[in-house]
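J.: Chain by chain, the residues:
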Amino acid sequence: MSLPPNQPGGQNSEVLDTFPKLLLNHAKVRGDKIAMREKDLGIWQSWTWSEVADEVRALACGLAALGFKSGDKLAIIGDNRPRLYWAMAAAQCLGGVPVPLYQDSVAEEMIYVLDNADVRFAIVEDQEQVDKLLEVKEKAPKIEHILFDDPRGLRHYDYPFLSSIDKAQEQGRQYDEAHPGFFDQSALSGSGSDVGIMLYTSGTTGNPKGVVLTNDNVIITARNGIIREGLTENEEVLAYLPMAWVGDNLFSYAQSYVAGFTINCPESGATVLTDLREIGPTYYFAPPRVYENMLTQVMIRMEDASKIKQKMFHYFMDHAKSTGTRILDGKPVSLMDRLIYKLGNFFVYGPLRDVLGLGRIKLAYTAGEAIGPEIFDFYRSLGINIKQLYGQTEGMVFICVQPDGEVYADTVGTPAIDVEIKIDDNGEVLYRSPGVFHSYYKNPESTAKTKTDDGWVFTGDAGFFAENGHLKIIDRAKDVGKLNNGTLFAPKYIENKLKFFSFIKEVVAFGNERDYASVFINIDLEAVGNWAERRNLAYSGYTDLANQDTVYDMIQECVEQVNLDLSKDPLLSNSQIKRFLVLHKELDPDDGELTRTRKVRRNFIAERYGPLMGALYSDVAVQHVETQVKFEDGRTGVLTADVKVRNAKTFTPVKAAS
Amino acid sequence: MNERNFGEVILDLKGISLSFGAMRVLNNISFNVRQGEIRSIIGPNGAGKSSMLNVINGVYHPQEGEITFRGEVRKEMKVHEAAGFGIARTFQNIALFKGMSTLDNIMTGRNLKMKSSMLAQAIYWGKAQKEEIEHRKKVEEIIDFLEIQAIRKTPVGRLPYGMQKRVELGRALAAEPEILLLDEPMAGMNVEEKEDMSRFVLDINDEFGTTIVLIEHDMGVVMDISDRVVVLDYGRQLADGTPDVVRSNQDVIDAYLGVSH
Amino acid sequence: MRVERDVIYIIFASLLLMVIIPWSAGMLSEDIFFEWPFFFEVAIGGLLAGVMYSLVALGFVLIFKASGVFNFAQGAMVLFSALTLVGLNEMGLPMWLSIIATLIVMLILAIAIERVVLRSLVNQEHIILFMATIGIAYFLDGFGQTIWGSEVKLLDLGFSQNPDFYFGGLILINDFDLIAAGIAGVLVIALALFFQYTRIGRALRAVADDHQAALSVGIPLKHIWVIVWAVAGIVALVAGIMWGSKLGVQFSLALIALKALPVLILGGFTSVPGAIIGGLIIGAGEKLAEVFIAPMIGGGIEDWFAYMLALAFLVFRPQGLFGEKIIERV
Amino acid sequence: MFYREAGEFKASYQKDQAILPIRQDRWFIWAIIAIAFLVIPAVSSDYWLGTIMLPFLILALAALGLNVLTGYAGQLSLGTGGFMATGAFAAYKLATMFPGMHILFVLLFSGAITAGVGILFGIPSLRIKGFYLAVATLASQFFLIWMFNKFGWFTNYSASGVITAPQMTAIGDIMVTGAHATVTAKYLFALSIVTLLALITKNLVRSNIGREWMAVRDMDIAAEIIGIKMLPTKLKAFAYSSFLCGIAGALWAFVHTGSVEPLAFDVNRSFQILFMIIIGGLGSIMGAFLGAAFIVLLPIFLSNAPHWFGLNIAVDLISHIEAMVFGALIIFFLIVEPHGLARLWQITKEKLRLWPFPY
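Chains as they are written, first to last, in my numbering: chain A, 8 to 665; chain B, 776 to 1036; chain C, 326 to 655; chain D, 3 to 361.
No lab work stands behind these hints: they were computed from the structure. None of the hints are false.
Sample of chain C residues lacking proximity to chain D, with all beta carbon distances greater than 10 Å (derived): (1) Leu341; (2) Gly351; (3) Ser354; (4) Leu428; (5) Leu516; (6) Pro620.
In silico contact screen, one side only, chain D against chain B (beta carbon under 8 Å); selected entries: (7) Ile211; (8) Ala217; (9) Ile230; (10) Lys231.
Quick reminder that beta carbons are idealized off the backbone N, C-alpha and C, glycines included.
Please build the complete structure, drawing on both the sequences and the hints.
T.: If you want it as structure tokens, here you go:
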């Protein structure tokens, strides 16, 4: 595929350096090719590029008619819906800035962002979101207009500032006729250096920051990614991750606009898996936990298969472990092994890939968290080319990507195209790339703290280059601490090692400025529940199950295995886990224990569960604790439990033979 | 449900009495239903509620009394004619077509609207297919409305009770009825399901302006969503009026104190 | 038991027609010979033959009443029991002994059927069970003839087969038919008593109403099934003996099941008296039609006439004369 | 295991409502059809074509007809034989009355006539239900057979009461009936007709009328309340069912046996067909064919089995043992899978689609 040229900041409209230009170009070049699909009313409704262009045109003019000006911010809230994606383009056509918000955040959380971003217009999915905004509106008076996609239940809302996207588009079409040339003029007037989009990072601490990205940031990075992986206009992508997240913006919007491939929106949250199978994407992104859940599902379902089937399954999976990845990496493999692999491909790998909906995958990414090696290998051995990438919003995702053929579970690969990386003396990773963000919105000091004048960005991650030239991330730089005996303590590293066990869902590790490392553990209700049923242990719910001794025994084994690994690592052998406990409730974003992207907020948790912390660093065996919890319906209540605390066996450090 | 104003009376029942042999099921019942309202018939089990519905949609023929429908007195009609008059209903103990999928059940609800000849259907491609598709669209809208996309192609036999109730509601809606009769739509449901169901009832009344006559044996949810309520007790009519009026009616209170929940 | 008024009407009307049609037929066409004594002779002959039909129908009713199973194998059971009886008898057992032995065989058969078929098909749709009984029918036909051979055997109970004159020598009736009728009558009365006064009998009637009730009577369903099938077996044996000694024991015995079906739908699947009265109406009607109507349309109508007759009744009472009325509950 | 469904999404209702929405299924069916039309005639002997494939096809067609009535519309019928006979004799009368008439029209009209008769005997079904109806349908069975036996007019007064099919050509001068027709021609002719009718039937059962039938079958009162008229719906089922049975009868008389007497369609035939749909699976097109195959092949297998084991048993004894085993097998089948081979087939398919998962 020949990619159109791009010089940053080019003024003439031939240079495809803005989304409107890209869109109009696609409408010209591949007008009849499907740009978007949405599972709606039972079938995959489709829109070609030229249809999308028209829809966007109408919507943009509609917004203009409502008074949307260049530079205005357009809040976008809802599940992945075609029209919400069009809204992004529409805003950009008017020189405005789309600001997607996390659809599951509660009204209060929205206030800050809406206010901070000076949002005047909002386009939302449905009644749920409208209600939130109406709630917010008093406190964030800057909002002037709200457009909604799905009119269900909104029939009797009459507010002057509330109308449906349809209506807006209708007005837009009239406006378009009334003002010929307006659209094309404003759509083509933008340039690469203009602000393209604002994404709010769900900061682990403090208020979210609005990351301002220029068109060049987004488009050039997107294109570099496409070039490096050789993506074409024929890719199929399933858009199911929050639109407010930079990854979705890159994979389901930017790269589609650059390469011209197709975006598919699932019918509803409940049907994502079936929709995934129906579409069978060729290019796929998922955070590790998704792959984890998938694998857990596979194992659970296979448990119930007939003995013969299980035997066959395990035989071939074992073979795949030894052969699959080698074949995928193009390493030499004996003919016999190839044949067995082919056989396995017919009986297991092929059907499995297909049932999981990964049957047509050319390229799958995972990022955001470290992924368990055996999870990673499982998919690769099936012949699915899944790769880790390392990135962040400030750099429009791409910093490092694992090159084909050089995929190691414990590294994040080599720098992406046009990306420079350096490690400063206290181990923090810095990078410089075309994707480097413009600034934090209305927050110069944070900008200054994160980004040097010559364009280097502090990732806030500690890491180093392994001898094979691949970057290896151990932890958040600020989290890397020291035990009282002065040796290095990398909580995330420990947490991840534990989370690689399918039974363990979340882990919070402590040890900084303490005598030894210890952990809170969240068991995986589904996996452990299933495990319990097969041993017919009765349990009433999470809290009950978590507190069972047999479960503790099982978790203890996991902990001790991790200790064994740690003991082998000269750097970290001292941070073996001495004490652990299984938390009586699941960590939950609604309680502020996790970020919206499900990162643990360690300090917050440490405070929240003070008594338990105390218990970890004393020698009590059982600790009573009361916790405030928020239920789905917003009510709050108190959860009380007696949590057991256990000691884990630790191992004497073995000097790595070097 | 604050101040809602309704159209004229579309269904008026005067002095309805119904007996099976010696057993008198309904005794001189009179009430009317107005365009676009949610009209509830409540009463303890065996109060004759279901019989009342069966009278309205012509399954039973009352010995006495007259039924005025859309201004004209309705003569004794055959069971299958009710649908033609724009009266659809659901059933107390689910009466779905067990062998068919959710989709087909709801499609069947549109049988009266499908016109293509048997021959056309035999050939299928062309006329019949076009018709199938345009009705499929309507049905999909209902599926979407009732949020049952995930079970679209599941045989209804395999569905849990609550879901079956929803599918049955869908089948009734498919006929785009003017009056929708709901026979204990919330029977045997947990609180959450009841809330869902009443939301759907309200939305239907709201989105399609469908007049709804629903019967329930417990006052609970019904009182909140109904505009007017008739109370029956062993075939007698105890009270008729807005929920508040009915609630404060002495006979009703007595009758209900008699009933355990 | 309460008999609905219209049932009485229907029966009365049919009787009337049975008289009028032959009579008018006699008037109209000269190739039909009509005379009152002859008419009664035919009618009585028919009634007696009807009793024989009822005998077979009875078996169906018992099983359908108690287990809702439409037992198509009843005919095969008739044949099988007869074959067994004669077979044992030919092996030299005295008649009374072979009868007892056959009874035991039928009991074993009942148990086997319950164990093998019914138990594994419980709660299946009726049509499935119906097909299963057809399977049983095939099996029994094959099994019986495999063991006892398929050539026609004579079964002689020593009753006279020759007709005598009754009513002052006006009417000629076959003694055997009278005896058969007598035995059938006794059997019916016995069954009626059994149903009315024994605990099992009451249980059976309970089952007919609903299975839960049956359990409350305290007899496990499977026992009840065994019992009805055994009873049906006994009835089959009696029918087998009667028919066997009338037509000789051979495969065609199995086909009299087809004769019993119209009786069944006319009387109602669930009613013992229905089976009797149905039998009488069918028997008489068939004979009369054979004699007074058939000649006009070329004869040989016995294959279907009974069915048409029953069909005609059904149009008035879809559940048969004495069957329970089906009320649509919504 | 063979299914690869990722990426098989439907962007239109046409595709979503296709008879075979899954690609692999389409391939499979096309393969079957190709084999049936090209391979089988090429490789199999006249014996196979004539005494196994032909009856199989024709009886499958009759089973299809009965399945529409019993499996889809829920009206249990034991009159199939009678309707087949009607078809056969109607075809005979038509062919002899109008010698010029093309066989396709002969079949069409004989089917139509049978449909008329079916409607006639279907009328009681409005009031009579379940086994009462089943027995009532026996009336038609016996009456029709008696009628064809009794009145010479139907057999053109042939002394034996046997009708013999005249020679007829399908396309050009290719004989498909009578002594000079090659078995292959007969087979292909029957095959084409059965395939076509199977397709039409599929179309009907997936359209509104099909849903109305199933509604009546599953819950007649509810069906009536949503506006389905009982009599027309049931009569349509009777009509179409008898239409198929009629054509099957005509094919049996003309293409298969060539000459036939009413007895060929006696009550045993009716039961045979009923077996086919029960064993094959009620309410399934596929089932009619699977059932027919089973019921046609089983006796052949049973009667040959002894020879394979080198036993020689007296013929009549064999026939008894056959009946025995047959009955036993029927029961066995009903116990293992009461919903018939079609259900087994379906389950296997589901398993393959979920492979390697059990559910």
